[in-house]
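Visitor: On the provided structure of chain A, position chain B as indicated by the hints.
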Amino acid sequence: MTITHHLDDATLMSFAAGALPAALSAVAAAHADMCPRCRREIAAMERLGAAVMANLSPVAFERPEPLQPMPVSAGALDRPHHAARTGGGEIPRPIAGLVSGGLDAVAWRRLGPGVWDHRLPLTGAGKLRLLRVAPRRNVPEHGHGGTELTLVLRGSFHDEMGRYSRGDVAEIDETLAHQPVTDAGGDCICLIASEKPERFHGLIARLLQPFQDR
Amino acid sequence: MVCLAIDSRADIRPCPRAVYGVMADLLRRVAEQADLAAFRELYRTYGPRVKAYMMRQGADAATAEDLAQETLLTVWRRASLYVEDKGSAATWIFAIARNMRIDRLRREVPWQQLPENRNEQPSTETPPDEALSEKERRERVRAALAQLPPEQHEVVTLSYIDGLSHGEIAARLGLPLGTVKSRMRIAYQRIRTTLEDLK
Chain A
1 MTITHHLDDA
11 TLMSFAAGAL
21 PAALSAVAAA
31 HADMCPRCRR
41 EIAAMERLGA
51 AVMANLSPVA
61 FERPEPLQPM
71 PVSAGALDRP
81 HHAARTGGGE
91 IPRPIAGLVS
101 GGLDAVAWRR
111 LGPGVWDHRL
121 PLTGAGKLRL
131 LRVAPRRNVP
141 EHGHGGTELT
151 LVLRGSFHDE
161 MGRYSRGDVA
171 EIDETLAHQP
181 VTDAGGDCIC
191 LIASEKPERF
201 HGLIARLLQP
211 FQDR
Chain B
215 MVCLAIDSRA
225 DIRPCPRAVY
235 GVMADLLRRV
245 AEQADLAAFR
255 ELYRTYGPRV
265 KAYMMRQGAD
275 AATAEDLAQE
285 TLLTVWRRAS
295 LYVEDKGSAA
305 TWIFAIARNM
315 RIDRLRREVP
325 WQQLPENRNE
335 QPSTETPPDE
345 ALSEKERRER
355 VRAALAQLPP
365 EQHEVVTLSY
375 IDGLSHGEIA
385 ARLGLPLGTV
395 KSRMRIAYQR
405 IRTTLEDLK
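Just so you know, the sequences run in chain order A and B.
If you count the first sequence from 1, position 45 lands on 45 in the numbering used here, and the numbers rise without skipping.
To convert, take the position in the second sequence, counting from 1, and add 214; that gives the numbering used here.
Only chain A is shown next, with the shape it has when bound in the complex:
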């Protein structure tokens, strides 16, 4: 797997800062799980975060300092991440807990000819879902409000920016319009996060348009 389309630096920074909306963070985490290059960038960006935090003016504690640190109740940081520890195979580990059984066991909802989706549960801002598109079809057009991240899990598609295969991520915001088309071969399955979920509804209509050969 050779990843050629990475996350934008600004998006990686926001992820490292803990400021990226939840749905986008899920896709960023899934991509990073597949991409050593982006993991290295995130590590460097966390170093930047540590430097920024160190520059803050400290605020003194009001309460006495604990003489002996006691075990705190098992917190979120001890809960297993959604992530299964062991390889999810086709499913990136950060979302493995959300897609148990693998891509072939997903309960797809048919949106139109050759297009299915499956909503993934998410706490926080945005919407996260899997999208499955038959070969040589338009993928729903994205953009026009907030950022949308599309991570290829199976198959491939192409647009003006090139070809996107497994591990590649397409990042679309209001400054870009694009019209991806799936490649011949098998179905293309992507993990898609949208920052502004309401935008997605408008896309459904587009899916139902006749396939345009490109």
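Check each hint, because a few of them may be wrong.
What the hints assert, rightly or not - Beyond 10 Å from chain B on every Cβ pair, some chain A residues (computed):
1) A29
2) N55
3) R63
4) G101
5) A105
6) M161
7) H178
Said to hold, decoys possible - In silico DMTMM-like cross-links for lysine to aspartate or glutamate, where the CA-CA straight-line distance does not exceed 20 Å:
8) A:K196 to A:D8
9) A:K127 to B:E368
10) A:K127 to B:E382
11) A:K127 to B:E365
12) A:K196 to B:D280
13) A:K196 to B:E322
Please keep in mind that the hints were generated in silico from the structure rather than gathered at the bench.
Yeah, the Cβ is synthetic: ideal placement off N, Cα and C, and Gly gets one too.
Guide: Only chain B this time, still in chain A's reference frame:
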């Protein structure tokens, strides 16, 4: 959590550049020997900064202090998992504080892994900054940060400290989203360039 008073206010330690290498040593002492004195140094140095961080993220002072204490106690409990070559002590503490904030203040699941959990496959290419010691790296990051133009420093701070998304930063500053993103990118590239210069 049981707290036994020994003084009413933890004195605040400076966090000068020279301290960073020391911090890694302290963390190692906590990890290897459960060294309380070392832990207290970490606590006094980072605790009040993590508290400031939590307050900037919208927590009231009492909640911020709870979360800062819990962050440092997580450091204590998990010190044995700390691996120096996966990041400095300061970076590890930042990552714990960040995830704590997402979990407790945002009530969301932190998608970010702590450095200790990252599965690093051996890389064929050497990352440009790997040749540096952690201390050198950190000093360079700080120096580069101090030299950022104000408008770049501002978006970095709003993201890292105030926890605002790009869209929220754009709304707050009255800027197009694309401008916010490009300022972030340029800020990072400047800092990265500084790191690479040291190769």
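Visitor: Since A:A105 was said not to touch the interface, does its Cβ keep a gap of more than 10 Å from each Cβ of chain B?
Guide: holds, 23 Å
Visitor: With a cut-off of 20 Å on the C-alpha distance, tell me whether A:K196 and A:D8 pass.
Guide: holds, 19 Å
Visitor: A:K127 and B:E382: Cα distance at most 20 Å?
Guide: Between A:K127 and B:E382 the Cα gap is close to 17 Å, so the pair holds against 20 Å.
Visitor: For the pair supplied as a hint, A:K127 and B:E365, confirm whether the alpha-carbon distance does not exceed 20 Å.
Guide: Measuring from Cα to Cα gives roughly 31 Å; hence the hint is violated.
Visitor: The output says A:N55 does not contact chain B. Does that hold with a beta carbon cutoff of 10 Å?
Guide: The claim is violated: A:N55 sits with its nearest Cβ about 7 Å from chain B, within 10 Å.
Visitor: Are the Cα positions of A:K196 and B:E322 separated by 20 Å at most?
Guide: Status holds; Cα separation ~17 Å.
Visitor: Is the straight-line distance between the alpha-carbon of A:K196 and that of B:D280 20 Å or less?
Guide: Since the Cα atoms of A:K196 and B:D280 sit roughly 33 Å apart, the hinted pair is violated (cutoff 20 Å).
Visitor: Taking the closest pair, is the beta carbon of A:R63 still more than 10 Å from chain B?
Guide: violated, 6 Å
Visitor: Can we confirm that no CB of chain B comes within 10 Å of the CB of A:A29?
Guide: Violated: least Cβ distance 4 Å, not greater than 10 Å.
Visitor: Was A:H178 rightly flagged as not at the interface, with every chain B Cβ beyond 10 Å?
Guide: holds, 16 Å
Visitor: A cut-off of 10 Å on Cβ-Cβ distance, and A:M161 was said to be off the interface with chain B. Does that hold?
Guide: The claim stands: A:M161 keeps its Cβ more than 10 Å from every Cβ of chain B (closest is about 16 Å).
Visitor: For A:G101, is the shortest CB-to-CB distance to chain B above 10 Å, so the non-interface label stands?
Guide: Holds: least Cβ distance 20 Å, greater than 10 Å.
Checked against the numbered hints above, the structure violates hints 1, 2, 3, 9, 11 and 12; every other hint is satisfied.
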